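Top line first, the protein sequences correspond to chains F and L.
For my numbering, add 40 to where a residue sits in the first sequence, where the first one is 1.
For my numbering, add 1 to where a residue sits in the second sequence, where the first one is 1.
Derived from the structure by calculation, the hints contain no laboratory data.
Note that the structure is a prediction, hence the values are computed from the model and not measured.
You may find that some hints are simply not true.
What the hints assert, rightly or not - On the chain F side, residues computed to face chain L include the following (Cβ under 10 Å):
| id | residue |
| --- | --- |
| 1 | Asn47 |
| 2 | Pro48 |
| 3 | Leu81 |
| 4 | Tyr104 |
| 5 | Cys131 |
| 6 | Arg138 |
| 7 | Phe144 |
In this text, a Cβ means the ideal position worked out from N, Cα and C, and glycines have one as well.
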Amino acid sequence: EAQVTQNPRYLITVTGKKLTVTCSQNMNHEYMSWYRQDPGLGLRQIYYSMNVEVTDKGDVPEGYKVSRKEKRNFPLILESPSPNQTSLYFCASSLDPRTDTQYFGPGTRLTVL
Amino acid sequence: DQQVKQNSPSLSVQEGRISILNCDYTNSMFDYFLWYKKYPAEGPTFLISISSIKDKNEDGRFTVFLNKSAKHLSLHIVPSQPGDSAVYFCAASGWANNLFFGTGTRLTVIP
């Protein structure tokens with residue numbers, strides 16, 4: 041089954057404690073992306089990757105890091121989380137970022153205390 | 002600054018009637034538009050898309066209309082069904098390899 045998986049689905053942490061949210065896709069997609077969803081702001085792109093070892097900033101990259109060492113995986117790293125990073129995070133993948141449908145993971149709800 | 006806007010946070014429609022969801026964009030470089038649907042506790046799923054070379058695209062009960070001069074697109078759902086109740090996001094892409102999403106409209110279809 042074609043899917044994008046994210047782990048963990050829920051996470052409560054404290055300010056400053058480094059964390060990683062994993063994302064994996066099994067569709068051999070070259071493009072992967074991270075979004076955050078906040079009330080009244082919709083989905084905002086954090087980072088995206090066109091291929092292995094190629095990553096670019098989206099609209100709201102501050103406080104986040106990503107890596108793309110393998111085609112299927114695109115982890116999101118918060119080196120020093122802060123309360124304003126409390127949000128719902130989605131990973132997505134597609135063949136073509138502009139015209140192809142993006143397949144989204146189920147989301148990770150992060151709370152930073 | 003929000004480049005894609007959905008000015009109606011919510012919409013309620015009777016089952017069987019038409020649902021019209023609206024979306025406005027500010028950047029004339031956008032040339033491809035998509036609608037995604039999102040249920041609670043799930044990721045968004047693709048619904049329908051339209052290229053700027055067209056002004057209408059239809060897929061079953063769903064039709065998207067694009068008015069480039071007004072920088073406006075709309076999604077029509079006819080007839081609306083209770084299972085259509087969800088949050089709908091419009092999205093736009095253009096010169097860059099990223100997608101800009103609107104803030105979403107929560108559609109409630111009343112049985």
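Against the structure, the hints:
1. Asn47: 14 Å, violated
2. Pro48: With a minimum Cβ separation of about 14 Å from chain L (threshold 10 Å), the hint on F:Pro48 is violated.
3. Leu81: At about 6 Å, which falls below the 10 Å cut-off, the nearest Cβ of chain L leaves the hint on F:Leu81 intact, so it holds.
4. Tyr104: 15 Å, violated
5. Cys131: 8 Å, holds
6. Arg138: 4 Å, holds
7. Phe144: 3 Å, holds
Checked against the numbered hints given earlier, the structure breaks hints 1, 2 and 4 and satisfies all the rest.
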